[in-house]
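Novice: Quick note: the sequence shown uses our numbering, first residue 1, plus one each step.
By construction, these hints were calculated from the structure, which means they are not laboratory data.
Please note: incorrect hints may appear among the correct ones.
What the hints assert, rightly or not - What follows is a set of in silico ranges between Cβ atoms, one per label pair, in the way DEER data are often shown:
1. Ala43 with Gly64: 19 to 25 Å
2. Thr19 with Lys71: 24 to 30 Å
3. Gly20 with Lys65: 30 to 36 Å
4. Thr45 with Lys65: 19 to 25 Å
Bear in mind the structure is a predicted one, so any value in this text is a computation, not a measurement.
Glycine included, each C-beta is placed from N, C-alpha and C at the ideal position.
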Amino acid sequence: YGPQDNGGPQAWTDLGSCTGSIAPTSSPTFDPDTPGCPDEYVAGTPYEEGDKVAIGSKVYLCEGKFSMVCKRFGPQDNGG
1 YGPQDNGGPQ AWTDLGSCTG SIAPTSSPTF DPDTPGCPDE YVAGTPYEEG DKVAIGSKVY
61 LCEGKFSMVC KRFGPQDNGG
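Using the sequences and the hints, build the whole thing.
Specialist: Given below as structure tokens:
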């Protein structure tokens, strides 16, 4: 489900907004104290619990007991 759809917050959590980009690292990382945005959401990517993505300037976190939904649907998709 999408964040505003029925059930959406159970899979994707809106963490607020961001600006810019994060400098490359050897492994994926997200430090809330580091300015910048995580990678842009890419449809078809098998996201897992704990993954963070950006859509525009909004940041979303895949979490919760329905995190398996993140593998099929994005934060703004019907069903995501």
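Novice: Look at each hint and say if it fits the structure.
Specialist: Structure-based check of all given hints:
For Ala43 and Gly64, the Cβ-Cβ distance of about 20 Å falls inside the hinted range of 19 to 25 Å, so the restraint holds. Restraint check, Thr19 to Lys71: a C-beta distance of roughly 28 Å satisfies the suggested window 24 to 30 Å. For Gly20 and Lys65, the Cβ-Cβ distance of about 33 Å falls inside the hinted range of 30 to 36 Å, so the restraint holds. In this structure the hint that Thr45 and Lys65 lie 19 to 25 Å apart at CB holds, the actual value being about 21 Å.
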